[in-house]
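*Asks:* Chains E and V, in that order, give the protein sequences. Numbering follows my numbering, in which position 161 of the first sequence is assigned residue number 161; successive positions increment by one, without gaps. Numbering follows my numbering, in which position 121 of the second sequence is assigned residue number 121; successive positions increment by one, without gaps.
Hints should not be assumed to be uniformly reliable.
[As the list claims (entries may be wrong)] Below, simulated DSSO-like cross-link-like pairs (lysine-lysine); rule was C-alpha separation at most 27 Å, straight line: (1) Lys192(V) with Lys163(E); (2) Lys91(V) with Lys178(V); (3) Lys19(V) with Lys63(E); (4) Lys91(V) with Lys203(E); (5) Lys91(E) with Lys91(V); (6) Lys91(E) with Lys203(V).
Read the hints as simulated data drawn from the structure, not as lab findings. Since we're looking at a predicted model, the values are computed, not measured.
Protein chains: 2
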Amino acid sequence: MMNNRPLILITNDDGIQAKGINELAACLRDFGDIVVFAPDGPRSGMSSAITSIAPIHYTLVSKEEGLTRYSCSGTPVDCVKLAMNEVLETKPDLLVSGINHGTNMAICVHYSGTMGAAIEGCVLDIPSIGVSLTNQSPDADFTESCRLARKLSHRVLKEGLPKGTYLNLNVPDGQSIKGMKVCKQADGRWVKEFLRLKNPSGKEVYWLTGEFQNHLPVHDDSDTLALESGYASLVPCKIDVTDYRYLTHIKEWEIDEQ
Amino acid sequence: MMNNRPLILITNDDGIQAKGINELAACLRDFGDIVVFAPDGPRSGMSSAITSIAPIHYTLVSKEEGLTRYSCSGTPVDCVKLAMNEVLETKPDLLVSGINHGTNMAICVHYSGTMGAAIEGCVLDIPSIGVSLTNQSPDADFTESCRLARKLSHRVLKEGLPKGTYLNLNVPDGQSIKGMKVCKQADGRWVKEFLRLKNPSGKEVYWLTGEFQNHLPVHDDSDTLALESGYASLVPCKIDVTDYRYLTHIKEWEIDEQ
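Okay, chain E solo, but in the shape it has when bound (with noise of 0.2 Å):
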C-alpha cells in the first residue's frame, strides 16, 4: 500500500519508557508515520557513543496505525543506526529526539545522548532537531516544549535543513514562556563537579554532579542567556567541527615538512 506521509523517526537518551518521549510521540503523529526507536532504559550523557565490543539487540514494543515502537539495547547513536540499517525501509523525513528531561544547553551538546543522536541523524543526512526541557523530574510538564516542538517539526518537515546541520532546542521549564530566541551555543563550563562519597568498603568515590558557569562576557545571543530570560533557545549546529580560521594559521607550521 503507497503511503506519502511523511516518516519520523524519534529516538531519545531517557529510555523508551520515559514522558518525554511518549508525550513528544503523541505530539507529532498527525505530521506523519512515527517509529520511536529507543534505548530500553536511561542513557543520559552518552554522548554520541557507540557499542562495538559487544552485539546489540531491538525488540518490537508496540505497533499501532501510525506508531511503531521499538527498544534497543544500545546507545542513542546505535538506535539510529541500526534503524536506519536493519529496521526502517525508507529514509525518515525528519528525527526528532527527545524530549530530553533537563536541558542540552551551551556545551552539553558534547555531553548529550539526545544530541548524539541528532547528530547521528544528520550524519546519515536526515534532518535532525534534539528537543531538551530545562527540568528533570519524571514527571515534568511537556506541554510547551512539545508545542514548540511542534512547530519547529513542521517547519523543517517542509522546508528541510541544510546538509550537516541539525537543531537543539531547549525549552525553559514553565507554562509562560516567552518565546523561542535562534542562539548561539553559550561559552561555559561545568564546575564543582564531584560531589566526594565513601562506598561501603570505606574507598573514596566520586559522583558527577556540578553547577554551570557562563565564561563571561556572556554573550547576549547565547542560549543560557536565552533561557535564564524565558525564552526557549534554538542553536543550529554542525557536524563538521573543523576550526577554519585557525586551520589557516596553522597552515603555516612547518611540524614535518619534507
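Chain V: place on chain E using the hints.
*Replies:* Here is chain V on its own, set in the frame of chain E:
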C-alpha cells in the same frame, strides 16, 4: 619543592594498559612531568560520554620521578574531569589523548573517546591534542606517531592553542609517511554498519562494523584524503559547534513570535 617543568596530562580510550598510551607517555617524558590518568580498561567509541548514574573511582598505579599513573573506572571524559577536579594541584600545560589504536579521522571525531577527552581538556582550557594511528592492532608500531606527537606537543607547549580549539592528529600506519598536512574534517559517513548474528538462544543480534564512505567530491584538503595519500592529518577543531551561517538564515523564521 618548586617545579617549573610543564605538567602534561595524558589519557586515552583504549585503557591504561594499551601500548599506545604507554609509548606516548614515554616519548613526552623529557618535555615535562607526566600524569597519566586513563580508563582501567577499553572505552573505545565512548565519545564525550560521562558517568552520572553511579560514582566512579580511581587508583594510583605507579609513581616514579616525573611520571605518575592512575587508572579510573570512568569514561575518558570522566578521567579528565576527575583528574582536574580531585587529583591535579595545578592546571596542566598540555593534554594529549592517545595514541589511539585506530583512526579517528573525519566524523569519527564525534564517536571517539580519544577525541572526547581532548574536547574535555579544551572545555577546561587546557591546550589539548588527540593522537590516533590508523592501525587497531594491540601491538601496532607507534614510532612515527610518537615522533609526530612529540613535534606537535613541543609546538603547542611553546605557543598554546586558541581558547576553544583542540587538535586532531591522525597518523597513517607504516614507516615512511610523507609528512603532515593541515586538513579539514572530511565529509562522509559509515555504511554497511552491522554484522547480523544469532545469539545462543537464536535471537538476532547486531554487531557494529562498517566501512567509511567519503562524500563526493572528496575535498583536496580533507583528512581522509591526506591519510590515503600517506600523510598524517592535523585538523584543528572547535568546541563551539554553532552553525553561524545558518543561524543568520533562521533568525528570520517566525516560529514563536510574541
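*Asks:* Give a verdict on every hint.
*Replies:* Do the hints match the structure? See the list:
no.: 1; hint: Lys192(V) with Lys163(E); in the structure: 21 Å, holds
no.: 2; hint: Lys91(V) with Lys178(V); in the structure: 35 Å, violated
no.: 3; hint: Lys19(V) with Lys63(E); in the structure: 49 Å, violated
no.: 4; hint: Lys91(V) with Lys203(E); in the structure: 26 Å, holds
no.: 5; hint: Lys91(E) with Lys91(V); in the structure: 47 Å, violated
no.: 6; hint: Lys91(E) with Lys203(V); in the structure: 26 Å, holds
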